[in-house]
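Residue numbers (UniProt numbering), protein chains in the order written: chain A, 1 to 173; chain B, 1 to 81.
Source of the hints: derived by calculation from the structure; they are not laboratory data.
Among the hints, a few may not be true.
[Said to hold, decoys possible] Pair by pair, the computed Cβ-Cβ distance ranges are:
hint, chain 1, residue 1, chain 2, residue 2, range
1, B, 46, A, 52, 48 to 56 Å
2, B, 75, A, 50, 13 to 21 Å
3, A, 1, B, 43, 41 to 49 Å
4, B, 71, A, 8, 33 to 41 Å
5, B, 68, A, 4, 32 to 40 Å
6, A, 102, B, 43, 44 to 52 Å
In this text, a Cβ means the ideal position worked out from N, Cα and C, and glycines have one as well.
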Amino acid sequence: MARYFENTTTFNFSWDQVACGYWKRYPNPQRFFNAKSVKIIEESIVDPKEKVLVTYTRNLGYTKVMSVVERVEYRSVGGQTIAHRSAWIDSQVFGFSRAIRAFGVDRFRKNCTQMVNGFNHVLHAMFPRASGAGGGGVGGGAPVREALREMRDAAAAATDRAKHNVLSSVNTT
Amino acid sequence: MNSIGEECTDLKKKYDDCFNSWFSERFLKGDHDDSVCSSIFKVYQDCVKNAMKQQNIDFKEIDKDVLGTDNEFKVPPTENS
Chain A
1 MARYFENTTT FNFSWDQVAC GYWKRYPNPQ RFFNAKSVKI IEESIVDPKE KVLVTYTRNL
61 GYTKVMSVVE RVEYRSVGGQ TIAHRSAWID SQVFGFSRAI RAFGVDRFRK NCTQMVNGFN
121 HVLHAMFPRA SGAGGGGVGG GAPVREALRE MRDAAAAATD RAKHNVLSSV NTT
Chain B
1 MNSIGEECTD LKKKYDDCFN SWFSERFLKG DHDDSVCSSI FKVYQDCVKN AMKQQNIDFK
61 EIDKDVLGTD NEFKVPPTEN S
């Protein structure tokens with residue numbers, strides 16, 4: 001049974017800004033990529049009319065050891081953007097699954113702050129006048145996906161795919 | 001951000017630029033015509049696919065859609081909301 005984790009954060013940027021910044025959130029000072037390790041894939045759906053961006057990320061391979069699935073929904077609320085993040089962390093290593101799940105959740109929780117800070121950094125750089133007094137937002141919001149730092153290393157693949165999905169979804173709109 | 005295939009990074013940058021301006025200037029404004037970047041996307045995607053093959057990335061896992069399908073994980077029920 002996977003462990004479930006969720007949190008909600010606010011970005012002091014409009015939904016349009018967050019949606020545009022989303023594709024440019026890496027690299028940032030909190031998150032840069034180097035080592036090749038676990039690859040992750042991201043799917044996303046953008047609804048420009050309702051102003052909803054949903055991202056869904058999972059790791060490829062090593063899923064028996066640990067699988068992390070993250071879903072983030074960005075919605076426009078007032079002039080701000082609320083990100084609701086859900087994560088499911090599982091492991092099927094006999095005898096260790098419980099410990100690994102607990103480790104995964106702990107890791108994920110800690111990484112959330114970094115993700116949010118990193119995304120806010122990019123947003124502030126892109127839209128300097130926006131949210132001037134807002135600082136980093138109310139606790140952060142969240143850009144992304146992912147969970148284990150190692151699992152994010154190969155986010156390039158995910159980004160590639162995400163864009164592809166955006167294009168696909170446009171085609172079917 | 002570089003591509004997973006080093007040789008695709010230049011193409012990725014070109015595509016990223018095209019995508020980002022299309023996204024902000026057209027898509028978000030209601031223009032759903034995505035033909036602007038389609039040719040660069042094709043070339044870039046071919047490059048990435050090749051890189052994926054070389055890195056033995058499982059295409060089956062990549063092509064599988066989860067978001068928006070029944071396979072998507074659901075938030076466990078809680079008392080509130």
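Here is what the structure says about each hint:
{"no.": "1", "hint": "B/46 - A/52: 48 to 56 Å", "in the structure": "violated (31 Å)"}
{"no.": "2", "hint": "B/75 - A/50: 13 to 21 Å", "in the structure": "holds (19 Å)"}
{"no.": "3", "hint": "A/1 - B/43: 41 to 49 Å", "in the structure": "holds (45 Å)"}
{"no.": "4", "hint": "B/71 - A/8: 33 to 41 Å", "in the structure": "violated (24 Å)"}
{"no.": "5", "hint": "B/68 - A/4: 32 to 40 Å", "in the structure": "violated (20 Å)"}
{"no.": "6", "hint": "A/102 - B/43: 44 to 52 Å", "in the structure": "holds (45 Å)"}
Figure legend: structure checked against the earlier numbered hints; hints not met, in rising order: 1, 4, 5.
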